[in-house]
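Visitor: Chains as they are written, first to last, in our numbering: chain A, 1 to 282; chain B, 1 to 273.
Simulated from the structure, these hints should not be mistaken for lab results.
Source: prediction; values computed, not measured.
Check the hints yourself; a few may be wrong.
What the hints assert, rightly or not - Think about it this way: if two alpha-carbon atoms lie no more than 25 Å apart in a straight line, the pair counts; the simulated DSS-like pairs of lysine-lysine are:
#, chain 1, residue 1, chain 2, residue 2
1, B, 24, B, 185
2, A, 181, A, 104
3, B, 155, B, 24
4, A, 181, A, 191
5, A, 18, B, 130
6, B, 56, B, 46
7, B, 130, A, 62
8, B, 113, B, 77
9, B, 77, B, 5
10, B, 169, A, 18
11, B, 19, B, 56
12, B, 46, B, 68
13, B, 56, B, 77
14, A, 256, B, 169
15, A, 276, B, 220
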Amino acid sequence: MAVVETKDLTYTYPGGTKRAVEDVSITIEKGEFVVLTGPSGCGKTTLCRCFNGLVPHFYGGKVEGDILVKGLRVGEHSIHELARHVGLVFQNPENQLFALFVEKDVAFGLENLGVPRDEIRKRVDWALQMTGIEDLREMAPHELSGGQQQRVAIASVLAMQPDIMVLDEPTSFLDPLGARKIFEVISELNKELGITVVLVEHRLDLASRYSDHVIVMDGGRVILDGEPREVFNSETARVIGVGIPKAIRLSQLLEKSGVHLGRVPVTSEEASHVLKEVLKRD
Amino acid sequence: MIEVKDVSFTYPNGVDALKGVSLKIRDGEFVAIMGQNGAGKTTLVKHFNGLLKPTKGEVLVDGVNTQKVSVATLARKVGFVFQNPDHQLFCETVEDEVAFALRNFGFHERTIKKRVTWALNLLDLAEYRKTSPFMLSGGERKRVALASVLAWNPKVVILDEPTIGQDYKQKERLRQFIVQLTTQKKTVIIVTHDIEFVAECNPHVVLMAQGKILAEGGAKQMLTNPHLVAQTSIVPPQITQIFLELADLGLPTDLIDIHEAKEALLTFLEVNS
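So here's chain A without its partners, still in its complex pose:
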């Protein structure tokens, strides 16, 4: 079942002359883990803003074509309504956090939805635990480091347990191990609760292992849309300069030198596995 669908979507910011998103038609199925990538300024963030109605309700501007989220036409439903279905973690956590205490920030969305108090407490505890920030509960978000703020932003969306989580470079301020832990939490939610994930990310070495669907944008348009192995191994991905995972690039370099691996590896585990076979074979 498609949870997000856009048809010939074109959008221009108010006062803008360039189309931020142009002729985008994509389908995201329920339970997919989508990685959305492409050069900086390609329209990724704008597309994400379409999924929860920030475009056009908050930003204004001109939308052509259709955006359907869980069958709801985004233009006809408020951000508030859409927030029940779509949680958005912003690129810059400071734009998202505003409360005096971390705990308050994480509880805010639930309070707004009128969730009973006990349930709020349970979900907030759970979200803080999942993101590893239970000890920050009483801190003020603006006093935290960038990495800690990112965890709070993720926790506040997690607590809502939306059907669709859209995360715009959610771990950019985190150290590599911290980032991996967050990706694992997201992947777990995706697998166990069937939450659909749309992750905007440049660091494909880190993110591709979790994904089963990759969308690449360039100049506002979708130029690649498919399975990770196929997308990253394509000539187009190389030409527009997507940060193709090293495992794939290594296999491409070997292929050029006449060493055939038989299968294109995406993760380091897959790479060492296929390499072992080839190295032992000879």
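Once you have looked at the hints, place chain B on chain A.
Guide: Structure of chain B alone, referenced to chain A:
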């Protein structure tokens, strides 16, 4: 260029962010400071331009004790690009933003114009000259912040998380650009979590943990040491991860570069065929 002598720093809220740090950074050196969130990396580099002054110990920049000069004076020598560009940008157009410090330093308008054009071209921002920085994407704003610092040509450039929000091509450009700065004998210091970027740049790496320097050395030596990596919340580069798994076949495990990796594999196949 920069000498940190047994520096400790305690924030007003009582957090001991640095505990006896000593470090020497030479002219023209390219240094990456890495370590987990809260290790004290940003606190350390804020001492390099005098934004913070040591609670104990001293920091010398070009032989001058940072306690004895103002941030404004140090800024001419040490340019600082913040992690979050929004902490730095405030002008109405990209052009004004880049010209701001130059005007403050009292440069001639003609020189300012030239420098601004130079910096905007360098960072591929020329088309946004008259645009408000706040209309730009996160990655683009980051480049505006960098352009505004480079424009006044400081001897030391500190970049806090420069690769955040940057795509692959811009990272490659940033890398070439850092190399160019170091060949001009400028000192470049980056604070970063971007392990793949460090693997591609091959700088001198300083690893920090809990307010102390854990180890320093070449990127290869630091990033392929499983013991050090584990202590600093770093994940080894993907190439290293692949080769750590292949160790029992007798392949080297201290590889971070993809071309080096290819050569090692081809050599292995040749020898063993």
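Visitor: The structure should be examined with respect to each hint, and the outcome stated for every one.
Guide: Comparing the hints with the structure gives:
1. 24(B) with 185(B): Satisfied, since the Cα-Cα distance of roughly 16 Å is no more than 25 Å.
2. 181(A) with 104(A): 24 Å, holds
3. 155(B) with 24(B): Judged against 25 Å, a Cα distance of about 16 Å means the pair holds.
4. 181(A) with 191(A): Roughly 15 Å separates the two Cα atoms, so the pair holds.
5. 18(A) with 130(B): Roughly 15 Å separates the two Cα atoms, so the pair holds.
6. 56(B) with 46(B): OK: residue 56(B) and residue 46(B) at ~15 Å, within 25 Å.
7. 130(B) with 62(A): Distance of about 23 Å is within 25 Å: holds.
8. 113(B) with 77(B): 21 Å, holds
9. 77(B) with 5(B): Given that 25 Å is the threshold and the Cα spacing comes to 20 Å, the pair holds.
10. 169(B) with 18(A): 22 Å, holds
11. 19(B) with 56(B): Holds, at about 9 Å.
12. 46(B) with 68(B): Roughly 16 Å between the alpha carbons, so the hint for residue 46(B) and residue 68(B) holds.
13. 56(B) with 77(B): The given pair, whose Cα atoms are some 23 Å apart, holds under the 25 Å limit.
14. 256(A) with 169(B): Cα-Cα ~23 Å, so holds.
15. 276(A) with 220(B): 23 Å, holds
Of the numbered hints stated above, none is contradicted by the structure.
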